[in-house]
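Knowing the structure of chain A, use the given hints to seat chain B on it.
Protein chains: 2
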Amino acid sequence: MFLDANSGLSLQAQIRQKLVEAITLGTFPPERRLPSSRKLAQQLGVARNTVVLVYEQLVEEGYLVSRERSGIYISEAALKGRIDTKAGAQSNRASLSHWRQRFKASPAGREPYLFPPNWSLHPYPFLEGKFDASLFPVKEWREASRLALGVRDINAWSEETGDADDPMLVEEIRTKILPRRGIQALPEEILVTVGSRQAMHLAVQLLVDSTITVAVEDPGTPVMRQMLAQRGASMIYQPVDEEGIVVDSALDDAQLLYVTPSHQIPTSVTMSLARRQSLLAKAGERDQLIIEDDTEFENNYIGQPHPALRSMDQEGRVIYFSCLSKVLDTGLCVGFIVAAPEFIAEARKLRRLAVNHPPPNNQRAAAYFLSLGNYDSFLMHMHQRFGERWKALQEALSLYLLHFVESTSSQGGTSVWIQGPPEIEMSELVNEAARRGILIEPVSHYYANPPQNVSYFRMSITSIGVGKIREGVERLSDLIHELTSDRFETLEHARGRCLSAAEITDLFSGATVFWKTINGDPATIDYMKDGRAEGRIGYANEDRGEGQWWVKGDLWYRQWERWYFGEPLGFHVVVDGSTLKLFEEDGQLSDIGVLHIPDDESETIARD
Amino acid sequence: MFLDANSGLSLQAQIRQKLVEAITLGTFPPERRLPSSRKLAQQLGVARNTVVLVYEQLVEEGYLVSRERSGIYISEAALKGRIDTKAGAQSNRASLSHWRQRFKASPAGREPYLFPPNWSLHPYPFLEGKFDASLFPVKEWREASRLALGVRDINAWSEETGDADDPMLVEEIRTKILPRRGIQALPEEILVTVGSRQAMHLAVQLLVDSTITVAVEDPGTPVMRQMLAQRGASMIYQPVDEEGIVVDSALDDAQLLYVTPSHQIPTSVTMSLARRQSLLAKAGERDQLIIEDDTEFENNYIGQPHPALRSMDQEGRVIYFSCLSKVLDTGLCVGFIVAAPEFIAEARKLRRLAVNHPPPNNQRAAAYFLSLGNYDSFLMHMHQRFGERWKALQEALSLYLLHFVESTSSQGGTSVWIQGPPEIEMSELVNEAARRGILIEPVSHYYANPPQNVSYFRMSITSIGVGKIREGVERLSDLIHELTSDRFETLEHARGRCLSAAEITDLFSGATVFWKTINGDPATIDYMKDGRAEGRIGYANEDRGEGQWWVKGDLWYRQWERWYFGEPLGFHVVVDGSTLKLFEEDGQLSDIGVLHIPDDESETIARD
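If you read the protein sequences in the order shown, they are chains A and B.
For what it's worth, the working numbering labels the leading residue of the first sequence as 1127, then goes sequentially.
For what it's worth, the working numbering labels the leading residue of the second sequence as 1127, then goes sequentially.
This is chain A alone, in the form it adopts within the complex (with noise of 0.2 Å):
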């Protein structure tokens, strides 16, 4: 028996726990006297009296007896009950033939794609989904898990008859979550559920089977087609624009629509006020229900976030699912849905014959955390450290990345979709890189139909500290060079002419140059005279900054407050054309820019 000094058990838990075990693997039969707490406290190192609180502690609970003179005992009550081993006990190994002729609802579609067991030893987990205890209100959760245990509490369990949810927790959802999504709804419009999948399940299971058709977005949420699949539906994968789904004709046959609109799943793209109406529109022109998940509803860095489908629609038409959190989804599995109070009733029956009812202690720990206004701040807190990471990663997929990834542009979200060079075989890259410690989600599951060769990958900031993410894509963007190393100009066979110090101040003073992207959007940079720079990002000049600019040897520096990690970096400057080339100290092309020409100086270029 050996004590862990690292183990968050006490020293009275841990003897207990090896007692417990070791009476139960049969070492102390009901014969044989357990070892006195002086012999005991010595093998094990500790003070006497520790053991001594261990063994009276059990024997008051009466799972040990003592008897006088002779010693400590497991008690017969403990024994009681049990069946004896020896007898009753089969080896169980015999293995019963044609099992797969017996399963009558096997899920079909492909195995979900899973994450290698060992991710979190990896230096750079861009995974989405994973979490570490740093993120988890620890503190807030352990008391209203406490609370949640008080007697009050635990009698009313049983004081809920038949199938009502914890009506403090539809309290909590209705006044402190839906209000943030714009959703208002009554109490009989909402049904707890463990987790948002048994919320997305009990959906397809009330609303779909083989007569119905439904439409999915693709790429999209693979379980979700899995589900429907198992129920014989037939599908229309509906392709995804940079304003979410697209909603047209193909549509029309459909009479369910499931859609992801916040941060579309996979792609993050979040669908646009006016896709929100057209879909909205279509649904009611065809009598269509739509499913809506919000569970990607946090973490919008850019804007405010848009109003739920549920709180637009007017006819009752949207079936609304979401969870306390991704975060705690993973640990505490509390979701809900929102939708018209007859699907709801009906769900409810459903719901319970699945699972009797999502874990009272859980919705009540739920309600708890709402209502002391945890959640409130575990949000902003999340908002804020997802927000640094996000950007972290913008940036450096920026840096590193600009010319080999295309990232699609989106409000937030805890992921990005990256278009690779598309020389480069996908599952190549993401296993060479796993090697190399940097984790990227190959995203082939995510299609019904997975192209030949997708040239898609995905990176995310859940399970990745801010601190990692720059070393981690600066990593893959070596590999990513290295695999496409025939494709890309360096500096020394560059087509154009490299400029020199003096060619490159007159260029710069006073120039205006459109550079392919900063943080994934296009950017207008001006340079003025004196050094100063002062840039416009995104198609709508949505991010505004100031920097410098100078010369030293043959190099042209550029340094900005916030972008790029806010580090000088030095280029030389090759002239092609009108097209401007920055290539890295070590030869590599890093951007491609163009000068803008103002009419009365258009000789400036001409000369070269």
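Take these hints with a grain of salt, some might be off.
These stretches of chain B come out as covered by chain A in the derived footprint (C-beta under 8 Å, 3 or more residues) [what the hints assert, rightly or not]: (1) 1129-1140; (2) 1300-1307; (3) 1323-1329; (4) 1347-1354; (5) 1454-1460; (6) 1478-1489; (7) 1497-1504.
Simulated from the structure, these hints should not be mistaken for laboratory data.
Computed from a predicted structure; not experimentally measured.
Just so you know, even glycine gets a beta-carbon here, dropped at the ideal spot from N, CA and C.
Structure of chain B alone, referenced to chain A:
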């Protein structure tokens, strides 16, 4: 804003809760200052420091901001990410038509029986499955929950990939729960579920469709029939006798059998060992699978429990499921399946579609609860509590309702299956009893095809304290006497002759009487000349007791050490042929016996 002195929450927590609520309701929009700590403290009648601490904490969390020389306001960050309800909100009150036609999976079967919602206000709730907090191991579960929220443990939630269960919990189930039932299992033979209900549901989903015939016990679990009907299965309703489900050729056409061997639901009959063996033999012969519902494994008060079918099954035909305990299942919903690895692998896939995974926090808490030996202590405690209650119920039934009801013999469980007087309409009895504060359970919903007049009802001990049981039964007895007043003899109109004191003494000295029952079983009592009495109860004399008898006035008294609550009770004695009748002082018939007449003393009775 008012504080509740009786709340389980601290004053600080209450103030925090109310403040957050007021902010949520819009009482303090961003532009409006919150009341000063001095003012709020005055209003609430608490120390100012209490309010200051709440404000400080909320400011630290970023929920509130303190503006210099102005006061405290809700922070912008706290409002960020919320939809302006005025902009987005719709009342969502429009109701879509034709909902009924859109549902593709309405649960078939009758609505479940619901207990009265105010059941806990009734003084005598003999209801199954309702538990008060006094039965729940509050302290131990709190400790286990606290440990489960350790940083290491939370990290483990995310370490897991895919569908794996908490390995700690699987190991604890394997080594601490299953051996009690005689079951040996490998980790890959175990699947954790969201309570026992999900275990049942997964088994049915996986094994049953409309091509399958399933044999179920009748009376039996209504929810199982509902699940089977939903899958379109054919059903065989098989009767239950005193050894459990009847095994005969009626089972031949089933591919699947569903049984509750430990304590049959709802009759509490324990399946005999012989019946278990013949059931397994039948399954082998007809290549059938068996679902063994062992949720009632606890609480044998008489004799040792039989090993689970799964432990006797040498062919791997048994799919076993259970939960930590019925008491814990209500609030925490931790259940599990034990079956062949092929079955578990497939059920795991189905589970992933339905709920992703059972809440990891509860899985880990259950694991700590088991590993610290608290589970064993808890079962001992329950066994004792429920045992006392069960015995009190049996004694009270025997004392007050001997002639009116027949209770099914059982080794224990938490309820008694009772046949009432056939001339009473059962719904009348249930309703009138409820009006008098006594809740007994009607049982027609347990029958697949309920007979016109079900003469059974059920009384359970999970929701009523031991001190209330006798009183409840006595009042129920009064009611039954009223409802059947025209049926039974009273002393006034008794057939036979009422004995005098001398005749009673003469009759009982050295006599042996067979009484109809004590505590539900037939009793044989020897009455000595010196006033001692020795009794044997049961078909095999399973229980023995000692007592006294005497005569006072014209009444015959008896008092047992352990039976009839150990109280002295006096009766008028009437002899009618060879039958002895005992009448209570108020004239109501209490017991009927037959005098054992040794051949050489056959004159004793003939005289009368």
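Results of checking the hints against the structure:
1. With 3 residues having a Cβ less than 8 Å from any Cβ of chain A, the region 1129-1140 of chain B passes the three-residue criterion, so the hint holds.
2. Counting residues of the region 1300-1307 of chain B whose beta carbon lies closer than 8 Å to any beta carbon of chain A gives 5, which meets the minimum of three for the stated coverage.
3. Counting residues of the region 1323-1329 of chain B whose beta carbon lies closer than 8 Å to any beta carbon of chain A gives 3, which meets the minimum of three for the stated coverage.
4. Look at the region 1347-1354 of chain B against chain A: 3 of its residues bring a Cβ nearer than 8 Å to a Cβ of that chain, three or more, so the hint holds.
5. Counting residues of the region 1454-1460 of chain B whose CB lies closer than 8 Å to any CB of chain A gives 4, so the stated coverage by that chain holds, three being the minimum.
6. Under the rule that three or more residues need a Cβ within less than 8 Å of chain A, the assignment of the region 1478-1489 of chain B holds, with 11 such residues.
7. Residues of the region 1497-1504 of chain B lying with their CB closer than 8 Å to a CB of chain A number 5, which satisfies the three-residue condition for coverage.
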